[in-house]
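Chemist: Sequence:
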Amino acid sequence: MPRVEPEPRPSPEQKPKLTKQDSATGPEWYQKSEESESEGNQPPLGPLASPRPPETPGPPALERDDAPLPEEETPEPRAICRHRHRCHTDCLEAPLSRAFQWLGWQVGAHPWIFLLAPLMLTAALGTGFLYLPEEEEEDLEEQYTPVGGPAKAERRFVQGHFTTNDSYRFSASRRSTEANFASLLVVSYSDSLLDPATFAEISKLDGAVQDLRVAQEDGSQIQYQQVCARYTALCVRPNPLLHAWQVDKTLNLSSISFPIYHQGGHPLYLTGFFGGRILGGSLGMGHLLLRAKAMRLLYYLKTEDPEDRVQSKQWLTHFLNQFTNITNTLALKKIEVVHFTSLSRQLEFQATSKTTIPVFHLAHVPVILFAVASCFRLDCIRNKMCVAAFGVISAFLAVVSGFGLLLLIGVPFVIIVANSSFLILGVGVDNMFIMISAWHKTRLADDIPERMSNVYKVAVSITITTITNILAFYTGVMSSFRSVQCFCIYTGTTLLFCYFYSITCFGAFMALDGKREVVYLRWLQKADPKWSSFKKCCCCPCGSVPDEHGTYVHPMNLFFRDYFGPFLTSSKSKYFVVFVYILYIISSICGCFHVQKGLDLRNLASDDSYITPYFKVEEDYFSDYGPRVMVIVTKKVDYWNEDVRQKLENCIKNFEKYVYVDKTLTEFWLDAYVQYLKGNSQDPNDKNTFMNNIPDFLSNFPNFQHDINISSSNEIISSRGFIQTTGVSSSTKKKIMLFQ
1 MPRVEPEPRP SPEQKPKLTK QDSATGPEWY QKSEESESEG NQPPLGPLAS PRPPETPGPP
61 ALERDDAPLP EEETPEPRAI CRHRHRCHTD CLEAPLSRAF QWLGWQVGAH PWIFLLAPLM
121 LTAALGTGFL YLPEEEEEDL EEQYTPVGGP AKAERRFVQG HFTTNDSYRF SASRRSTEAN
181 FASLLVVSYS DSLLDPATFA EISKLDGAVQ DLRVAQEDGS QIQYQQVCAR YTALCVRPNP
241 LLHAWQVDKT LNLSSISFPI YHQGGHPLYL TGFFGGRILG GSLGMGHLLL RAKAMRLLYY
301 LKTEDPEDRV QSKQWLTHFL NQFTNITNTL ALKKIEVVHF TSLSRQLEFQ ATSKTTIPVF
361 HLAHVPVILF AVASCFRLDC IRNKMCVAAF GVISAFLAVV SGFGLLLLIG VPFVIIVANS
421 SFLILGVGVD NMFIMISAWH KTRLADDIPE RMSNVYKVAV SITITTITNI LAFYTGVMSS
481 FRSVQCFCIY TGTTLLFCYF YSITCFGAFM ALDGKREVVY LRWLQKADPK WSSFKKCCCC
541 PCGSVPDEHG TYVHPMNLFF RDYFGPFLTS SKSKYFVVFV YILYIISSIC GCFHVQKGLD
601 LRNLASDDSY ITPYFKVEED YFSDYGPRVM VIVTKKVDYW NEDVRQKLEN CIKNFEKYVY
661 VDKTLTEFWL DAYVQYLKGN SQDPNDKNTF MNNIPDFLSN FPNFQHDINI SSSNEIISSR
721 GFIQTTGVSS STKKKIMLFQ
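Here the UniProt record's numbering is used: the first residue of the sequence shown is 1, the next is one more, and so on.
A couple of the hints might just be wrong.
Below 20 Å or equal to it, Euclidean Cα-Cα: the simulated EDC-like pairs (lysine to aspartate or glutamate) are [unchecked claim]:
| # | residue 1 | residue 2 |
| --- | --- | --- |
| 1 | K441 | D513 |
| 2 | K333 | D513 |
| 3 | K687 | E642 |
| 4 | K313 | E201 |
Across the chosen pairs, the derived CB separations fall in these ranges [unchecked claim]:
| # | residue 1 | residue 2 | range |
| --- | --- | --- | --- |
| 5 | L119 | I585 | 26 to 32 Å |
| 6 | I113 | R561 | 55 to 61 Å |
| 7 | R561 | S587 | 28 to 34 Å |
| 8 | K441 | F370 | 20 to 26 Å |
| 9 | F129 | G476 | 19 to 25 Å |
| 10 | T465 | T177 | 20 to 26 Å |
| 11 | F129 | T465 | 26 to 32 Å |
| 12 | R561 | I585 | 27 to 33 Å |
| 13 | G281 | T177 | 36 to 42 Å |
| 14 | A151 | N685 | 45 to 51 Å |
| 15 | G476 | T327 | 41 to 47 Å |
| 16 | Q216 | D683 | 57 to 63 Å |
| 17 | L471 | T355 | 31 to 37 Å |
| 18 | Q346 | L119 | 35 to 41 Å |
Source of the hints: derived by calculation from the structure; they are not laboratory data.
Every residue, glycine too, gets a C-beta built ideally from N, C-alpha and C.
Generate coordinates for the entire structure from the input sequences, incorporating the hints supplied.
Modeler: Right, here's the structure in full:
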């Protein structure tokens with residue numbers, strides 16, 4: 001009986017081949033077989049469905065069961081074992097890729113759902129802008145100083161243990177908060193302003209300022225004498241030496257001692273009131289003031305009561321509005337005047353924000369134009385300008401949604417948050433370019449869901465970069481500055497919305513644009529001699545109809561692939577890049593040691609602001625003496641104990657040893673009180689004597705009334721003294737002084 005020969009085994013060329021995936025996510029989760037092409041493509045089973053490679057057809061079955069199996073077809077168990085135990089490094093990327101491919105399929109199959117749902121969400125969250133604060137003053141101290149800093153805790157202690165009285169015994173150095181004030185810096189055109197003629201011109205300026213009146217709606221007026229801070233019954237003098245000259249025009253200005261000048265037995269502290277000084281020989285506790293280039297006039301206003309604060313701000317606002325008229329009316333010839341108020345920082349910061357933020361938003365225009373223009377193609381099928389325009393729109397939709405959500409839940413909105421929209425636009429445009437580039441790598445012949453599925457492979461990289469960006473900004477929430485916290489919360493949340501809109505709303509619009517591509521392609525492929533020349537001229541001016549089975553490669557991609565890539569991977573280029581990077585690291589480290597710390601207040605205002613010359617004059621002439629620093633005894637101590645007093649005295653002397661402290665200007669009530677007791681033949685070491693004579697001492701030396709906190713049980717709970725800082729003209733020196 002003749003033996004039936006088996007059919008010949010198919011050659012390797014006839015075997016079906018598995019499609020390789022371009023990315024590093026392993027084999028494709030979805031493969032098309034010849035049956036699927038004939039029956040139509042089917043969506044994947046689910047976002048996390050395990051990959052099932054297509055079955056490779058084996059050799060045909062033999063007609064006889066006892067036909068021998070060729071030796072080369074015998075499976076090798078060892079090879080199979082090695083394949084099973086192979087280590088996979090894409091355990092996270094592969095399922096994410098499959099999930100996003102499933103999402104891309106759904107977006108391509110149902111684009112209108114993914115387009116309209118985010119738009120409805122934006123409309124709902126956009127109602128949060130109804131809670132956007134309008135014309136509300138930001139508290140610069142609250143927003144731009146550290147939260148929970150030691151200085152704020154110390155100030156709360158001072159406010160709880162020491163009182164002030166702006167209406168009767170005002171003292172600028174004893175206040176724990178900044179008072180309302182107006183400051184004038186007068187600079188002489190000559191070498192010195194210590195002459196009667198210059199003082200007369202300054203006196204006119206002082207009189208014009210004090211004559212300012214604010215008209216109220218009810219017809220009343222707010223005068224300077226109503227709102228000025230007072231010492232006893234008189235307004236605090238803007239400059240002690242100027243007031244002494246106004247009282248006595250025969251005062252010899254060439255015999256003034258500095259920093260303390262005694263007139264009629266009363267000391268006048270001149271520190272901070274004269275700048276550009278040239279000192280002569282010793283004169284009493286100071287030196288003879290030979291020349292002074294500049295003078296400061298300080299007009300302090302009451303701030304204790306709410307009504308006083310409102311009236312003081314009204315007077316200061318009127319002062320700012322009328323200052324130019326005052327100087328023009330006086331026609332000053334010997335002096336130049338610059339001005340500043342306690343409201344200036346706030347007002348100039350707000351004015352700068354209103355003028356510069358709109359200009360800053362103009363930077364969006366070049367980015368938008370570049371994003372749209374870079375997606376232009378002469379081929380009407382591959383042209384993606386409309387898609388790029390919607391990518392920009394989706395970024396702004398993310399801003400509306402993110403800001404609206406946070407405003408709805410009550411997160412404070414600070415002015416610097418408005419600048420974060422530029423960052424969101426940059427991230428959104430970056431995601432848009434990545435997805436458009438992935439779309440160009442798909443085939444025109446494939447249906448829209450499959451093309452979107454392939455596009456969404458890049459969503460893995462978009463997800464990773466988005467997570468890092470969001471974590472970076474949310475880490476900033478731990479900052480000690482409230483303004484930085486708000487900026488990071490708004491930016492991080494909006495980045496999350498930007499990512500959500502990129503993979504939903506923008507992807508849906510891309511799918512709809514893909515349908516446009518199909519319509520255009522079919523129209524171009526349609527044989528129509530009448531319109532063929534028009535089609536070629538307007539729709540495909542650079543060539544024939546695009547190949548629907550091929551992919552589009554941008555010329556710039558060819559440059560990086562064929563030229564820049566090989567150049568960068570050459571040995572010489574590698575050495576050069578490493579060398580340049582090392583230089584970059586070294587220069588960066590060196591630059592870190594030259595960073596200027598601190599805030600220059602001139603940077604908070606525009607270049608043409610009136611506070612810019614003020615701070616320049618202050619830095620040039622009034623930077624020698626810094627603020628007076630409180631030295632506070634926070635606990636109950638036995639002040640009548642000589643050993644305790646010696647420890648306190650040593651503590652003060654230790655402060656005076658620092659290079660940034662002028663020991664001649666130290667002020668401590670305990671030293672004056674001990675001298676007072678000894679001068680009256682009283683024993684300062686006796687408790688009863690020490691405590692019972694304090695009221696008489698304070699009546700004779702009223703300056704110390706607010707330096708001693710005595711309880712109802714006649715115990716000193718806390719007390720304070722003052723030291724004068726000097727030579728702290730820069731932020732670095734101020735920091736060193738604080739550390740000391």
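Chemist: All hints, please: hold or fail.
Modeler: Evaluation of the provided hints:
1. K441 - D513: The given pair, whose Cα atoms are some 15 Å apart, holds under the 20 Å limit.
2. K333 - D513: Given that 20 Å is the threshold and the Cα spacing comes to 73 Å, the pair is violated.
3. K687 - E642: holds, 11 Å
4. K313 - E201: Answer violated: K313 to E201 is near 27 Å, above 20 Å.
5. L119 - I585: 26 to 32 Å: At roughly 47 Å between Cβ atoms, I585 and L119 fall outside 26 to 32 Å, so the hint is violated.
6. I113 - R561: 55 to 61 Å: violated, 38 Å
7. R561 - S587: 28 to 34 Å: holds, 32 Å
8. K441 - F370: 20 to 26 Å: holds, 22 Å
9. F129 - G476: 19 to 25 Å: Because 24 Å falls inside the window, the suggested range holds.
10. T465 - T177: 20 to 26 Å: Violated - the Cβ-Cβ distance for T465 and T177, about 46 Å, lies outside 20 to 26 Å.
11. F129 - T465: 26 to 32 Å: holds, 28 Å
12. R561 - I585: 27 to 33 Å: About 30 Å separates the Cβ atoms of R561 and I585, which means 27 to 33 Å holds.
13. G281 - T177: 36 to 42 Å: holds, 40 Å
14. A151 - N685: 45 to 51 Å: Since the Cβ atoms of A151 and N685 sit about 36 Å apart, the hinted range of 45 to 51 Å is violated.
15. G476 - T327: 41 to 47 Å: With a Cβ separation near 45 Å, G476 and T327 satisfy 41 to 47 Å, so the hint holds.
16. Q216 - D683: 57 to 63 Å: holds, 58 Å
17. L471 - T355: 31 to 37 Å: 34 Å Cβ-Cβ, so the 31 to 37 Å window holds.
18. Q346 - L119: 35 to 41 Å: holds, 39 Å
When the structure is compared with the earlier hints, violations turn up for hints 2, 4, 5, 6, 10 and 14 and for no others.
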